[in-house]
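There are 2 protein chains.
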Amino acid sequence: MPELRRDPIVGRWVVIDTDHPQGPGDFPKEDHSSSRKATCQFCPGREHFTPAEVSALRPKESQADGPGWMVRTVANKFPALSLEGPVEKEAAGMFDQMSGVGAHEVVIETPDHDKNLADLTPEEMGFVLGQFVGRSRDLAKDPRHKYVCIFKNFGASAGATVEHAHSQIIALPTVPKAVLEELRGAVGYYGAQKRCVFCDVIEQEYKDRERIVIENNAFLAFCPYAPRYAFELWIIPKAHNAFFSSLDGDALKDLSTLLLDILRRMRSLLSNPSYNFYIHTAPLKYERPERYHWHIEIIPKLTRSIGFEWGTGLHITPTFPQVAAKHYRDARP
Amino acid sequence: MPELRRDPIVGRWVVIDTDHPQGPGDFPKEDHSSSRKATCQFCPGREHFTPAEVSALRPKESQADGPGWMVRTVANKFPALSLEGPVEKEAAGMFDQMSGVGAHEVVIETPDHDKNLADLTPEEMGFVLGQFVGRSRDLAKDPRHKYVCIFKNFGASAGATVEHAHSQIIALPTVPKAVLEELRGAVGYYGAQKRCVFCDVIEQEYKDRERIVIENNAFLAFCPYAPRYAFELWIIPKAHNAFFSSLDGDALKDLSTLLLDILRRMRSLLSNPSYNFYIHTAPLKYERPERYHWHIEIIPKLTRSIGFEWGTGLHITPTFPQVAAKHYRDARP
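For the protein sequence lines, the chains are A and B, in the order given.
Mind the numbering: the first sequence is residues 271 to 603 in this note's numbering, read in order.
Mind the numbering: the second sequence is residues 271 to 603 in this note's numbering, read in order.
One chain only, chain A, in its complex shape:
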């Protein structure tokens, strides 16, 4: 019998299709072999092909927009939003529009064209997360920005169009819908229970145990109870915290180690799948931080997303989260 499961945060029901459970070997494989190294604009020595760097980790003696960097953040050459101008709202009959002001940046995660995020050392992963945090803090200073989205597309099926390892940062004059839905759910839950719904999910995960993949001092990785996608994973700080941008010190080190471990398990278990991850954090200057809890959602791109899911918001998932979690636990990191 298939099972419907309700996500406790946004209230979304998903269908777990138990009649055709899919194991890690049942999905099509994808080739990520590198072919454009000779002309890659993200490689060291070709810094002049990208817009000027907005941030980089590089030795003191090296020059901005020259080689030598360990990680480098530049404006996106093809930004979805414009850096200049005020945020102007306007009505158009019954409709509303707003000027598309914001920032769109690319974090080049390593100088090495042949490496991906899962190949980095924990220290190098820390450099990447450090860029995420630094840019979050910096973009938060612009009063036009209401939200900073940080996400990664790895592999063609996940939407990556450049093969050199990179992630993206978009600062927006509005809060994206997925986060608004989480906030609505979390605020409602807090109103009724006086507790953070994400903290309660963590507690439930410890009670049930079966969906936990790994943990360390500051972070927990688990497969959510009502997953939208097969082998979906969440990483969440164990201590309540609404803002990703507060990540620092030992917690940053813990996240580096844990994220790396998870990405390597995913690679070995699922034959190096394309994947996306998004950092969900509270809106900038959010005034009810006791109600929200930042986290990372990681989605291996295993099945073609069917139109049904886009059009209805109903996801049909072929793998139970406790089955996925066991596979992840048994996988080689």
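Hints in this document: simulated from the structure, not taken from any laboratory.
These numbers come from a predicted model, not from an experiment.
You may find that some hints are simply not true.
Identical copies look the same in the list; a pair holds intra-copy or inter-copy alike.
[Claimed, not checked] Heads up, simulated DSSO-like pairs for lysine-lysine below, C-alpha to C-alpha not over 30 Å straight-line:
1) Lys464 / Lys447
2) Lys447 / Lys555
3) Lys447 / Lys359
4) Lys416 / Lys555
5) Lys359 / Lys477
6) Lys596 / Lys359
7) Lys464 / Lys359
Following the hints, complete the assembly by docking chain B onto the known chain A.
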């Protein structure tokens, strides 16, 4: 300057990326050539390969589950939901689950393996819509069902795994999230304005004119103000009506003609793209039908959906709807 636009029904903001407008010729082309005719289980003469038909339009002298049919609806051989058993809800710690009871059917749209929906005559399109209506009414009689989803995936990129022309019907014990969101918006709007938000959108479309593609007596086709996807299209009955299942008589004929015209324009304009469509209708026995307005959303699958959109709910669209609408108006039907 890119523009953010707010959908007036669900409140979703989308980004129109004006700096890189994409015209109809700028998207990758997809090959839909047929290759599995010899073993197709949906072809006449192979009826015994599918589950028994639940409905079909066929001459009186022909036999159920034999050839001769014009359109044929069968249970999905690999259903996402189970036909048998009660809807049982259960708490699992802080989580909720429900038994996955429902129906999953396939409408085989034509006996001809080499035709697709856009190749049918208006009369044949009427047969398909007639199946949608008939099955909707029939599935509504089961008290376990709260909603009937009708949708089509055409082409591999849109999630079709069988090449013989078909669409799908899923009856659910819950209302899918996308419809709940529309209902929430529509109920809120009605509360404030005492008018149907969809009716007001239609009126605004007539005022603005630029997003209208075509219309006939009963239906209007337009590109929505805040599209999630390039060349997204909506078809909506001009007269207020919450329930798709009430479609009948002249209105059914009008929809057949208009849907066919739209699918043919899409095919000639966008090089026969993969596409999805979904019929959004009120939940079964919905008691506030003055607040909701059924419609069809049609999404040509032109760009790889990037992870960003799934993870954030923020869509970045490369084509303004008034530009898309003009292209559709000028296209060969």
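Hints, verified against the model:
1. Taking the closest pair of Cα atoms, Lys464 and Lys447 come within 30 Å of each other both inside a single copy (24 Å) and across two copies (26 Å).
2. Taking the shortest Cα distances, Lys447 and Lys555 sit within 30 Å of each other both inside one copy (17 Å) and across copies (29 Å).
3. For the identical chains of this complex, Lys447 and Lys359 are neighbours both inside a copy (18 Å) and across copies (28 Å), given an alpha-carbon limit of 30 Å.
4. In this homomeric assembly, Lys416 and Lys555 come within 30 Å of each other (Cα to Cα) only inside a single copy, at 8 Å, whereas the closest approach across copies is 40 Å.
5. Taking CA atoms no more than 30 Å apart as the test, Lys359 paired with Lys477 passes between copies only; the shortest distance there is 21 Å, against 48 Å inside one copy.
6. For the homomeric pair Lys596 and Lys359, the shortest alpha-carbon distance between copies (26 Å) is at most 30 Å, but the shortest distance inside one copy (49 Å) is not.
7. Taking the shortest alpha-carbon separations for Lys464 and Lys359, only the inter-copy value of 25 Å comes in at or below 30 Å, while the best intra-copy value is 35 Å.
Hint compliance for this structure: no hint is broken.
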